[in-house]
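Numbering (my numbering), first residue to last: 1 to 189.
Read the hints as simulated data drawn from the structure, not as lab findings. Built from N, CA and C at the ideal position, the CB exists for glycine as well. Some clues are possibly wrong.
As the list claims (entries may be wrong) - Now the in silico label distances, taken between C-beta atoms and shown as ranges: (1) Trp-120 to Leu-48: 15 to 25 angstroms; (2) Asp-127 to Glu-84: 20 to 30 angstroms; (3) Ala-82 to Asp-127: 20 to 30 angstroms; (4) Arg-33 to Met-99: 37 to 47 angstroms.
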Amino acid sequence: MFDRIQTKSVVSRRGFLAGAGAFMAVGMAPSARALDLRNTPFTVTGQLARLDPYLLYAVSYVESRLDRKGRTGPWPYAVRTAKESYYPPDLPSAMQLVMALPAAELADADLGWMQVNVRWHGHRVPDVSHLLHPDINMRVGAGILREAIDSLPRDLELAVGRYHTWMDEPRARDYGRRVLALRAQLRRG
Numbered sequence: 001m002f003d004r005i006q007t008k009s010v011v012s013r014r015g016f017l018a019g020a021g022a023f024m025a026v027g028m029a030p031s032a033r034a035l036d037l038r039n040t041p042f043t044v045t046g047q048l049a050r051l052d053p054y055l056l057y058a059v060s061y062v063e064s065r066l067d068r069k070g071r072t073g074p075w076p077y078a079v080r081t082a083k084e085s086y087y088p089p090d091l092p093s094a095m096q097l098v099m100a101l102p103a104a105e106l107a108d109a110d111l112g113w114m115q116v117n118v119r120w121h122g123h124r125v126p127d128v129s130h131l132l133h134p135d136i137n138m139r140v141g142a143g144i145l146r147e148a149i150d151s152l153p154r155d156l157e158l159a160v161g162r163y164h165t166w167m168d169e170p171r172a173r174d175y176g177r178r179v180l181a182l183r184a185q186l187r188r189g
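Whole structure, please, built from the sequences with the hints as guidance.
Okay, structure coming up:
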């Protein structure tokens, strides 16, 4: 089952990533209206963590996006290892995949729509499989983002970039720029 998902999703992800840089550099085509995030986990969790729901959505989009029939968006069950990216269709399939991964591969995997890294943040949950639950993943990711922003309240670009990496400032700034540009685009519509 995962071979089919893996092959199809990896091709889609590679194709999407090849054009993602150019797409973000040119800018997204404006739509008729802004994305409505009312009554979504992005808004609920954003309120709890004092974070803009569009910022949470933008981070999750950059981290776990999946192209489904010409539409892209964050994917709550995304699993990324050093070897491969997987996009199981639902929570039971994602749980089965994670249980089947070799321990060494799982130890540094990124899970869920916020792509929470097991090595750096697995201690935040009783069991790493909890990171596959969309609401838990969103809360943990929001907590990590909140900590990053609190670490640099006067430099939002770098602070948001710290969600992705603390050790490489140029890479963090690039990530922060991409996320903040996407957030602005989502708000404008």
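Status of each hint after checking the structure:
no.	hint	result
1	Trp-120 to Leu-48: 15 to 25 angstroms	22 angstroms, holds
2	Asp-127 to Glu-84: 20 to 30 angstroms	22 angstroms, holds
3	Ala-82 to Asp-127: 20 to 30 angstroms	21 angstroms, holds
4	Arg-33 to Met-99: 37 to 47 angstroms	41 angstroms, holds
The structure shown violates none of the earlier numbered hints.
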